[in-house]
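Numbering-wise, UniProt numbering puts 236 at position 236 of the sequence shown, and it's gapless, one number per residue.
Just so you know, the hints here were simulated from the structure itself, not pulled from any lab data. It should be emphasised that the depicted structure is a prediction, and the values quoted were computed from it without experimental measurement. Please note that a few of the clues may not be correct.
[What the hints assert, rightly or not] Below are the SDA-like pairs computed for lysine to any residue, each with C-alpha atoms no more than 25 Å apart in a straight line: (1) Lys71 x Gln175; (2) Lys71 x Arg145; (3) Lys29 x Ile46; (4) Lys71 x Glu96.
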Amino acid sequence: MKASAFSYARATSVADALELLAAHGDRAKVLSGGQSLMPAMNLRLISPELIVDIGELAELRGIAVNGNTLKIGALTRHVDLQRSSDVAGHAPLLTEAIAHVAHPAIRNRGTIGGSLAHADPASELPACMVALNATIVVRGPKGERRIAAEDFFMGIYETALSPDELLIAVELPVQRTNSAYFFHEFARRHGDYAIAGLAAQAVMGANVFADLRLAFFAVGDRPVLALAANRLVNISITPAVLSEASAALAEELDPQEDQEASASMRRHLATVLMRRCVAALLGRTDLDAGGSA
1 MKASAFSYAR ATSVADALEL LAAHGDRAKV LSGGQSLMPA MNLRLISPEL IVDIGELAEL
61 RGIAVNGNTL KIGALTRHVD LQRSSDVAGH APLLTEAIAH VAHPAIRNRG TIGGSLAHAD
121 PASELPACMV ALNATIVVRG PKGERRIAAE DFFMGIYETA LSPDELLIAV ELPVQRTNSA
181 YFFHEFARRH GDYAIAGLAA QAVMGANVFA DLRLAFFAVG DRPVLALAAN RLVNISITPA
241 VLSEASAALA EELDPQEDQE ASASMRRHLA TVLMRRCVAA LLGRTDLDAG GSA
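With the hints as constraints, model all of the structure from the sequences given.
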């Protein structure tokens, strides 16, 4: 199939893009890397009247560290994130996750802003933003808004972004010296959409977690910041404690069922990921017992 007829406008600035969005509202769609938008249009899942191409806006590209904040422009491509020493040094979880995003051809064109605005619940980057406690920066007719990542994603392909707003950047707190991270996903093949995945960021104490953020993806209609992680903070982790947290996680999740996996399978895989994450971060092989996929 091919996309239905549409008009096309190439934005010359962020202000120009915002004027076009304000004039056309939800009849317009923003084109950045196009790796999600164009397939959806070709399948007639969406049929916008106007495409606003922001791909040439250099002001929305780049990676910079300012004090304790790592700022990434919305048009920064996946491949640039993967190669960035600033990202590797200050948000290594993101570097790890990018390698799992589709295939090189997609990573060469896809952008972080496009991925986040698309809000696919099986996508790696939205979960990373939640795990890293990121702030999503958007701009509209009334100026800029900063939205916590866990509030930005609202459902399947649904975000807090208004039709007349543009996602312009993400801001991440730089990783603390006593931080650690974990990333893993289960997929049929490398590069396929995940069946279940976990992006985790921890602050380590003396053989305990001072803080632990477990952001699961592909197990709900948006990234899930697990409440069950609170059971593992500031406590000595034993197999019994981890089993109780795993049971709480299974109760907490409400996964979808589709041709890839049943809800019960996704729930099981999520508990396996939790066990593996905790065992890996603490260096405890005894905690991964029973964590088979």
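**Message:** Against the 25 Å threshold, does the CA-CA distance of Lys71 and Glu96 hold or violate the hint?
**Reply:** Since the Cα atoms of Lys71 and Glu96 sit roughly 18 Å apart, the hinted pair holds (cutoff 25 Å).
**Item:** 25 Å limit on alpha-carbon distance, applied to hinted pair Lys29 and Ile46
**Value:** Given pair Lys29, Ile46 holds - Cα atoms ~9 Å apart, limit 25 Å.
**Request:** Take the C-alpha atoms of Lys71 and Arg145, compute the straight-line distance between them, and say whether it is at most 25 Å.
**Result:** At roughly 15 Å apart (the allowed maximum being 25 Å), Arg145 and Lys71 satisfy the hint.
**Distance restraint between Lys71 and Gln175, which requires alpha-carbon spacing of 25 Å or less** = Status holds; Cα separation ~13 Å.
Against the hints set out earlier in the document, no violation occurs for any number.
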